[in-house]
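Going down the list, the protein sequences come from chains H and S.
With this note's numbering as the guide, the letters of the first sequence map in order to residues 1 to 183.
With this note's numbering as the guide, the letters of the second sequence map in order to residues 1 to 255.
None of these hints come from the bench; they were simulated from the model.
These numbers come from a predicted model, not from an experiment.
Treat the hints with caution; some may be incorrect.
[What the hints assert, rightly or not] Listed next, the in silico DSSO-like pairs over lysine-lysine satisfying Cα-Cα at most 30 Å (straight line):
hint : chain 1 : residue 1 : chain 2 : residue 2
1    : S       : K123      : H       : K70
2    : S       : K131      : H       : K26
3    : H       : K64       : H       : K35
4    : H       : K64       : S       : K123
5    : S       : K131      : S       : K109
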Amino acid sequence: MDDLREIESTLEAVLFAAGDSVSLEKLSEIIGQDKKTTASILSGMEMKYKNSNRGIMLRQLGSKYQLCTKPEYEEYIAYLGTGRKKQGLSQAAYEVLAIIAYHQPVTRAHVEHIRGVNSDNVISTLLEKNLICEMGRQDGPGRPKLYGTTEEFLRVFGFSSINDLPQLGMNEIQVVMNDVPVD
Amino acid sequence: MRSELTSSLHDACTIKLNNFEGPFDLLFYLIEKNQIDIYDIPIFEITDQYMEYLFAMQEMDLEIASEFLVMASTLLHIKSRLLLPSRKEEEQEETDPREELIMKLVEYKKVKEFADILREREKIWDKVYYKLPEALPESAFEVILDVSPPLLKECYQRCMQNYYDRQNDVTQKMNRILRQEKVSLKLKIKELLAKLKRGVRLCFSQIYNLKNMSRIEVATGFLAALEIAKLGKATIHQKVEFGEIYIEPKIKRKG
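Only chain S is shown next, with the shape it has when bound in the complex (with noise of 0.2 Å):
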């Protein structure tokens, strides 16, 4: 007899616990159930309460959402801190620390309110029939084109020539960067033999490098020094793979 009761007990409870949307959902309940003025919250009452609801879902062995439990917490802080004394010269400052929630409880409350409203506003607009949207022909919204060949041509010219220049200029572009990027080997060669005119040895990564050259002068430098030796105006030595090259000029000795 008692385990039915308890039982019956029991599922009774754990439905109206399940029934909470949320902490603010509980917290309203129990306003409304001890017809509490919302601005004028008992907290101690409410805290007790609350907290009561919260073992009993413990004891359930409902799973608590993290969201009652911040809501506990709060209340408990809002508690400890209407129990602390608050010193005179402050107390004229200090505001009310159930401000905050009770702001939030009335944000809340109106929520509710206005969802109330939706339901029975959507039963009666529920009554309400529309027609399906008709199939309407495609030419009842055509736009009929008022155009003239010599009209044509004119688009079609105006067309081709941006498209001509369109063209042109990424030719110009190209040229440009073309113009810029050349690299003439045989200036390369004049340039390296007044370098070893001076009849001292080169290093090449001091003359030609990538950190204030393109890829392309530093290459066709390497070439340059290459045709030098060819014509038997200097010698190249490289001790090392990937080591220093060092050019050296052929001084021609008399005699």
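Chain H extracted, bound-state conformation (with noise of 0.2 Å):
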């Protein structure tokens, strides 16, 4: 399988099929490519997708790739009365979510520190949620469990891979600390 017309076809094929997410390994077994060209193939297709008239799109979820349709035709979906309606997250959990986005892997003491809260009820219905996970435990007194986020995370939020999230800057603080007045 050398043309690559006849790849990405395959792909979108072995993608639909799927439905769920499948992982980079698995496509480049199917296509018997190796993973960087496959990776590379894939961001081709993205990009396709993205910049043609189409009602579906590819997303990248860490090493994973999964059709879906584009977020503007939600309203004609809606159509089909598929009246599916999650309930939201609360302020907590968002702010939960993103320490444990930018600091996994996080212990739930670290989450408690910075938020200067207790957590425990927010982690627990994260996970219940599939958005984050543990991640092993931390060596130290008490070995505690470690959170990190999940594909649905990556899924839920938009985001293509953990790299993928929004810089906050993190030298400002040492800059500006540098700044304080002291009286």
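Using the hints, put the two chains back together into the complex; each one sits in its own frame.
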């Protein structure tokens, strides 16, 4: 299978049939190319879907790929009456998610240190919604659990990977701290 | 009229107070309300306003979470440090007492900002639809095994050899243990007789005890003593139950 068009069609067919996200590993195995080549073909496809008059698009979710509809056609899809209404997250849940996303893998204690409030319930809600997951345990006293974000997190918030998160200027603090006037 | 006003005010305040996620959230609200530069917090004003809120909460019989009290004490501590004059020599090294609080607030501000970003992104990406995973037939992923009869035989033989090896291994170990543990009664009798030859009364516990011998050895030693008594070469005495056992050699009297 050498023809690029043929490969792209194959990937499209496979991804459509799967419905669920498919790993890069599996896809490269199917088309008989190495992972690097497959990844570049997929990112090419991503661009093509984006820039052409298609109702669907390709999404990268970590090391997996999935087909989905473009958000702008939501109002038409709504006529199908799928009627899904998800219950939104609380302000606390967004805050905890934000902390976990940037500091992962992170312990519950660290999350609470940053927020200044107990975050037990919020963490269990997020685990339930599969937005975060346990990522082993930290070495040290008590061996506390470490948490990180999931593929579902990327899916829900439209990121293609954790590296895709917007930079929040970590160095900014240090610079400004030096300018704090001492009275 | 007045009571009506107070009750509606009461309601408004209650809702507002309950909305704070924690002490940082409250502090943040105060900073934004007063349009203060986060890096240059007028600690006196903020502390006063913060305490006002806590008192309001107290008046309304709201349970104040301990986190709010911790923050209150932190604010008061910073305030007191700023009030106290510092010595000139120390002045240069001394850091702004507000520094730690500011660092935490900045960190919290970033979290809040990103939380808002997440909320906005969710709104957009909630409009995206996915297809449900297809229940694909299993055979699509079946791996066809390429096995010839000779290969199968070889695998079987190797597997059985491993099995036997493991078995043998265990037997060998067991033999070794048995060999080590083997204590013969005959040997013990000989050993004990040799000791009795000297014609001295023996204490059983001194010859055989669990401190430096195995249980089997002590038990066999005991059997040996009984055997010797039966042969009439010694007498055994025990004055108290569980007490010391004495083995006394029977000396053949001349004549």
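Against the structure, the hints come out as follows:
1. Of the pairs offered as hints, the one joining K123 of chain S and K70 of chain H holds, with about 13 Å between alpha carbons and a cut-off of 30 Å not exceeded.
2. As the CA atoms of K131 of chain S and K26 of chain H are separated by approximately 19 Å, the hinted pair is consistent with the 30 Å bound.
3. Between the alpha carbons of K64 of chain H and K35 of chain H the distance comes to roughly 12 Å, so the proposed pair stays at or under 30 Å and holds.
4. Restraint check for K64 of chain H and K123 of chain S: the C-alpha separation of about 23 Å stays at or below 30 Å, so the hint holds.
5. A distance of roughly 38 Å separates the Cα atoms of K131 of chain S and K109 of chain S; the hinted pair therefore is violated under the 30 Å criterion.
Going through the hint list in order, the structure does not satisfy hint 5, though it satisfies all others.
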